[in-house]
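**Q** In case you want the letters, here they are:
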Amino acid sequence: MEAGFYFFEQIFNSAIFYFALVVMASYIFLCFFSALEMKAYMRKNSFIDYREILVSPFAPSVSILAPAYNEEATIVDNVKSIMSLHYSNFEIIIINDGSKDHSLEKLIHAYQLEKVDFCVNEQLNHQPIRGIYKSRNSSYAKLIVIDKENGGKSDALNAGINVSSKDLLLCIDVDCIVEQDALLKLVKPYLEEKKRVIATGGVVRIANSCEVEDGRLVKVHMPKNIISRFQVLEYIRAFLMGRMAWSRLNGLLIISGAMGLFDKEIVIKCGGYSHETVGEDMELVVRMRRYMHDNNLKYQVVYIPDPLCWTESPVDFKILGRQRNRWTRGTIETLWTHRDLFFNPKYSILGMLSYPYWLFFEWLAPILEGIGIITFILLASFGKINWEFSLILFTMVYTFSILLSTIAVLFEERSYHQYTSGMDVLKLLLLAFIEPIVYHPLTIYWSIKGNIDKFTGKKNWGTMTRAGFTSNQKDKLETSSTQNLTTQQEQSV
Amino acid sequence: MLLSVSVGEYLKNLFFDRLPFFPDNIRISLFIIMFCLIATLEIYLYVFLKKAKNKRDNYLNANWKEKISNMLSNIIIYGDEDDGLENVVNHFLPRFKKLPLKRKRVRNILIEEIRIYHSNFTGFTADVLKELFIKLELHKYTLEKLKSNYWEIQIEGIREIAQFWLYEYDQLVFALTDHEHEIVRMEAQTAHVRLNRDNPFKFLDNMRGRILPWHQLILFEIITKAKYVKIPSFVQWLGSPNDSVVIFCLKLIGYYQQLDALAEIVKLLKHPQEEIRKMSVWVIGKMEAEFVEEELLKIYPKETQKVKIEILSALGKISSGNYLSFLKDCLLTADFEIKMGATKAILGHGRKGKLMLQELQSIVPTKNQQIIAHVLDARI
Chain A
1 MEAGFYFFEQ
11 IFNSAIFYFA
21 LVVMASYIFL
31 CFFSALEMKA
41 YMRKNSFIDY
51 REILVSPFAP
61 SVSILAPAYN
71 EEATIVDNVK
81 SIMSLHYSNF
91 EIIIINDGSK
101 DHSLEKLIHA
111 YQLEKVDFCV
121 NEQLNHQPIR
131 GIYKSRNSSY
141 AKLIVIDKEN
151 GGKSDALNAG
161 INVSSKDLLL
171 CIDVDCIVEQ
181 DALLKLVKPY
191 LEEKKRVIAT
201 GGVVRIANSC
211 EVEDGRLVKV
221 HMPKNIISRF
231 QVLEYIRAFL
241 MGRMAWSRLN
251 GLLIISGAMG
261 LFDKEIVIKC
271 GGYSHETVGE
281 DMELVVRMRR
291 YMHDNNLKYQ
301 VVYIPDPLCW
311 TESPVDFKIL
321 GRQRNRWTRG
331 TIETLWTHRD
341 LFFNPKYSIL
351 GMLSYPYWLF
361 FEWLAPILEG
371 IGIITFILLA
381 SFGKINWEFS
391 LILFTMVYTF
401 SILLSTIAVL
411 FEERSYHQYT
421 SGMDVLKLLL
431 LAFIEPIVYH
441 PLTIYWSIKG
451 NIDKFTGKKN
461 WGTMTRAGFT
471 SNQKDKLETS
481 STQNLTTQQE
491 QSV
Chain B
1 MLLSVSVGEY
11 LKNLFFDRLP
21 FFPDNIRISL
31 FIIMFCLIAT
41 LEIYLYVFLK
51 KAKNKRDNYL
61 NANWKEKISN
71 MLSNIIIYGD
81 EDDGLENVVN
91 HFLPRFKKLP
101 LKRKRVRNIL
111 IEEIRIYHSN
121 FTGFTADVLK
131 ELFIKLELHK
141 YTLEKLKSNY
151 WEIQIEGIRE
161 IAQFWLYEYD
171 QLVFALTDHE
181 HEIVRMEAQT
191 AHVRLNRDNP
201 FKFLDNMRGR
211 ILPWHQLILF
221 EIITKAKYVK
231 IPSFVQWLGS
241 PNDSVVIFCL
251 KLIGYYQQLD
261 ALAEIVKLLK
271 HPQEEIRKMS
281 VWVIGKMEAE
291 FVEEELLKIY
301 PKETQKVKIE
311 ILSALGKISS
321 GNYLSFLKDC
331 LLTADFEIKM
341 GATKAILGHG
351 RKGKLMLQEL
361 QSIVPTKNQQ
371 IIAHVLDARI
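Chains A and B, in that order, give the protein sequences.
Using our numbering, the letters of the first sequence map in sequence onto residues 1 to 493.
Using our numbering, the letters of the second sequence map in sequence onto residues 1 to 380.
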């Protein structure tokens, strides 16, 4: 009995230890590739004049799709902000997804809308459209508003795609703050890559505590709320280190739901957004990539390191927990739907690297961490712990996570250094010491809970209470009036 | 104090005395801990030293920039055209020569400021700034930049030559139009178009690589916006084996309405590349070439959907009225895009087309009625 226990302990220890080493090594590789990609991007684009795209008659045409649900408080300003984007050849499609408030009425009044006989090309399935509106005022000629029965974010986006008449689709969350030159930067990869670009994404950043004026971000501040600060560090790490590296390897599996530009033809050919998952942004990218492989078409999914979109992050643990729970379920659903990709050489890097990475390191790693913690507690209670060795192992993981966050801050400093104040940078660096022991265990818990919810059949998006942006005379963006939103704007980090 | 001594002793004991006796995983862990701590400290140092250096650089740059900007403003305010170019330049030159131009920082700021000022002025002021640039021998640094091993610096050099219209160095720029780095190639080609007065598009003769859409877009803007570019007949490159050259020339033919190219464009309707056929049809529509309509109809049945839609659009632009019945028949197909394209083409025929659509509205199936209503609605 004792020998069996000892044997189990040895195997268990070694397996967990070497798994952790592989995870760490993968992060180091990602750091390396990310650094290469960012350096290449910044060298290449340091002297680019994006106005060339702005004025060119040959710039690709873009439909901006923004689903909205119960957004009456901010919808008019949000649309105004989208209309001010720097681009010439685009249309804006706002999809009112069966809002129960007065979102539609506010839009009709503000933009002088009236119902038109719009003939929709029904290529993708969605809930019935109640009406399509255009403005009498030619100043708003680019605006189309779809009023439809509620069906969720995927359903709304599919309706928008059917109505769209342009070549590229920019899918955004209506309440995000989009940088004015975001479209110009997102479109460029479509014009310069040698392979066909099927999707591009940019860095999403946390807007809490930032200064906003007329729907535009004018000054970046570090959030005052500690939970948002943790997310700042997390987002920098995920976007500047993770996604840039995967972009370099052409192995990206996700483009943020908050903002992504897609090739419409491919989106339609592979069936649009799925109604079957709460992680529709990731699922779509995986499906598009599969489609390209299945049809032997060369392609690329590109991420750019520019901070193009600013979103408000959850400010309390309960809401954040719901968000992370849903991201976990979305990941599981996507991985399960496309399980045949697993180590499938037909799909090259998608099957041999990206999918296994997500399976082992994004889905499995938190579960193993959770099991590790429980096992540790059990062994400790039986007096089977070598405390010195445990402390060394813990310190290894701890110092490594500090190093990783510090590298992320370095990337931020070397690229777009949004936090110009030295104090803000110091805050971020110090946060790296607290994050692994305060915030990280919570993300593990939410992830495990997401797994449990998934396997017990919970399917809903979950209602998210979110504080809204307000910009007063001094334009200091702080959280104020509380709105209830369905969680239509988060994406896995 | 006692605690720090004991921690120090413990670590010394851990890393020097007991390390060889630990199991592998603990030794690896200790190594990783050391690595992480050292790397983190180094990054901290780097971040803060870099921040301090940037702050100092920004301060120095701002001072020099202000000083140089003031000196250049004086030229603009006090440089009188009646005094003549030579006199004005000679008047201000000594002050600029007093600047420590051997220092890279000052020289770069001066070059950049003259470049910005030059790009914002034309006529006499621009000429003075150019002359000042040459008399200060800053163009020598520009020429050195062209020889750099770093492509970004080569681009800076190319841009300065183009900015100051240094025609005499056009051949140096032309040599870079076939550079292995695509961005240098692109910059050199755009500069060459601006600088060469006799044969600005010579580089198209031997283009080896593809002209990427981004590159085409930039070149198109430079060519169509520039005042002094000698526009050739682009038909000469329509037979190029480089598809991107053909597409680019088609865009320019369309823009400059080079009707003499139509015969060659008709030949391109049989080109194996869909993109070229589509662009050819677009140019035919843009030039409203009525005599090509029949040819378009001939190729229509075997064409891809994208080219078919372009053909319908071209028929709408030409709007001769000869093929209205064909367009009407297109409404019978199942393809939504084709139906929409045909309906728009009918409407493109003006009053006659509008009347036809209104008549059709009462006799066609519901879906087609909706398409017609959509097209007839001016707000959409």
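Treat the hints as calculated values from the structure; they're not laboratory data.
Computed from a predicted structure; not experimentally measured.
Among these hints, one or two may not hold up.
What the hints assert, rightly or not - One side only, chain A facing chain B, incomplete, derived with CB under 8 Å:
| hint | residue |
| --- | --- |
| 1 | 396 |
| 2 | 427 |
| 3 | 430 |
To be verified - Chain A regions said to be covered by chain B (calculated; three or more residues, Cβ under 8 Å):
| hint | stretch |
| --- | --- |
| 4 | 112-121 |
| 5 | 371-382 |
Said to hold, decoys possible - Taking lysine-lysine and the BS3-like style, the derived pairs with C-alpha atoms no more than 30 Å apart in a straight line are:
| hint | chain 1 | residue 1 | chain 2 | residue 2 |
| --- | --- | --- | --- | --- |
| 6 | B | 367 | A | 166 |
| 7 | B | 225 | B | 298 |
| 8 | B | 55 | A | 44 |
| 9 | A | 44 | A | 194 |
| 10 | A | 115 | B | 317 |
| 11 | B | 306 | B | 227 |
| 12 | A | 224 | B | 53 |
| 13 | B | 352 | A | 115 |
| 14 | B | 354 | A | 44 |
| 15 | B | 278 | B | 317 |
| 16 | B | 227 | A | 44 |
| 17 | B | 104 | A | 39 |
| 18 | A | 194 | B | 344 |
| 19 | A | 142 | B | 317 |
| 20 | A | 39 | B | 51 |
| 21 | A | 142 | B | 352 |
| 22 | B | 50 | A | 219 |
| 23 | A | 194 | B | 286 |
| 24 | B | 104 | A | 195 |
| 25 | A | 264 | B | 302 |
| 26 | B | 278 | A | 166 |
| 27 | A | 264 | B | 344 |
| 28 | B | 302 | B | 225 |
| 29 | A | 384 | B | 12 |
| 30 | A | 39 | B | 53 |
| 31 | B | 145 | A | 44 |
| 32 | A | 39 | B | 50 |
| 33 | B | 140 | A | 219 |
In this text, a Cβ means the ideal position worked out from N, Cα and C, and glycines have one as well.
**Q** Does each hint hold? Answer for all of them.
**A** Hints versus structure:
1. The interface hint given for residue 396 of chain A holds, since its Cβ lies 4 Å from the closest Cβ of chain B, which is under the 8 Å cut-off.
2. The interface hint given for residue 427 of chain A is violated, since its Cβ lies 13 Å from the closest Cβ of chain B, which is over the 8 Å cut-off.
3. Interface hint status for residue 430 of chain A: violated, as the beta-carbon distance to the closest one in chain B is roughly 11 Å, over 8 Å.
4. Figure legend: the stretch 112-121 of chain A, annotated as covered by chain B; annotation consistent (6 residues with Cβ-Cβ distances under 8 Å, at least 3 required).
5. As drawn, the stretch 371-382 of chain A meets chain B at 0 residues by the rule of a beta-carbon pair under 8 Å; below three, the given contact is violated.
6. At roughly 21 Å between alpha-carbon atoms, residue 367 of chain B and residue 166 of chain A fall within 30 Å of each other, so this suggested pair holds.
7. Between the alpha carbons of residue 225 of chain B and residue 298 of chain B the distance comes to roughly 37 Å, so the proposed pair goes past 30 Å and is violated.
8. Simply put, residue 55 of chain B and residue 44 of chain A have alpha-carbon atoms about 25 Å apart, close enough for the 30 Å limit, and the pair holds.
9. Proximity of residue 44 of chain A to residue 194 of chain A is assessed by CA-CA distance (about 15 Å); at most 30 Å being required, the pair is judged to hold.
10. Taking the CA atoms of residue 115 of chain A and residue 317 of chain B, the gap is about 29 Å. The hint holds against a cut of 30 Å.
11. Among the hinted pairs, residue 306 of chain B with residue 227 of chain B is inconsistent with the structure: their alpha-carbon atoms are about 35 Å apart, more than 30 Å.
12. Note on residue 224 of chain A and residue 53 of chain B: the hinted pairing holds, with a Cα-Cα distance of about 28 Å set against a maximum of 30 Å.
13. A C-alpha spacing of about 27 Å is found between residue 352 of chain B and residue 115 of chain A, which places the hinted pair at or below 30 Å, so the restraint holds.
14. In summary, the hint linking residue 354 of chain B to residue 44 of chain A is not supported, as the alpha carbons are separated by about 50 Å, beyond the 30 Å threshold.
15. A distance of roughly 15 Å separates the Cα atoms of residue 278 of chain B and residue 317 of chain B; the hinted pair therefore holds under the 30 Å criterion.
16. Taking the CA atoms of residue 227 of chain B and residue 44 of chain A, the gap is near 28 Å; set against the 30 Å cutoff, the hint holds.
17. About 24 Å separates the Cα atoms of residue 104 of chain B and residue 39 of chain A, which keeps this hinted pair within 30 Å; it holds.
18. Note on residue 194 of chain A and residue 344 of chain B: the hinted pairing is violated, with a Cα-Cα distance of about 34 Å set against a maximum of 30 Å.
19. At most 30 Å may separate the alpha-carbon atoms for a hinted pair to count; residue 142 of chain A and residue 317 of chain B meet this at roughly 23 Å.
20. A distance of roughly 19 Å separates the Cα atoms of residue 39 of chain A and residue 51 of chain B; the hinted pair therefore holds under the 30 Å criterion.
21. Using a Cα cut-off of 30 Å, the hinted pair residue 142 of chain A and residue 352 of chain B holds, with the two alpha carbons roughly 28 Å apart.
22. For a cut-off of 30 Å, the pair hint linking residue 50 of chain B to residue 219 of chain A stands: about 22 Å separates their Cα positions.
23. A hinted pair counts as satisfied when its Cα atoms are at most 30 Å apart, and residue 194 of chain A with residue 286 of chain B qualifies at roughly 28 Å.
24. With a C-alpha separation of about 40 Å, the suggested pairing of residue 104 of chain B with residue 195 of chain A is violated against the 30 Å cut-off.
25. Proposed proximity of residue 264 of chain A and residue 302 of chain B is supported: the alpha carbons are some 24 Å apart, at most 30 Å.
26. For the hint linking residue 278 of chain B to residue 166 of chain A, the alpha-carbon distance of about 17 Å falls within 30 Å, and the restraint holds.
27. With a C-alpha separation of about 22 Å, the suggested pairing of residue 264 of chain A with residue 344 of chain B holds against the 30 Å cut-off.
28. Annotation: proposed proximity of residue 302 of chain B to residue 225 of chain B is violated, straight-line Cα distance about 38 Å (limit 30 Å).
29. Only pairs whose Cα atoms come within 30 Å are accepted, and residue 384 of chain A paired with residue 12 of chain B is accepted, the gap being roughly 27 Å.
30. At most 30 Å may separate the alpha-carbon atoms for a hinted pair to count; residue 39 of chain A and residue 53 of chain B meet this at roughly 20 Å.
31. Restraint check for residue 145 of chain B and residue 44 of chain A: the C-alpha separation of about 17 Å stays at or below 30 Å, so the hint holds.
32. Of the supplied pair hints, the one linking residue 39 of chain A and residue 50 of chain B holds, its CA atoms being roughly 17 Å apart against a limit of 30 Å.
33. Proposed proximity of residue 140 of chain B and residue 219 of chain A is contradicted: the alpha carbons are some 41 Å apart, above 30 Å.
The earlier numbered hints that this structure contradicts are 2, 3, 5, 7, 11, 14, 18, 24, 28, 33.
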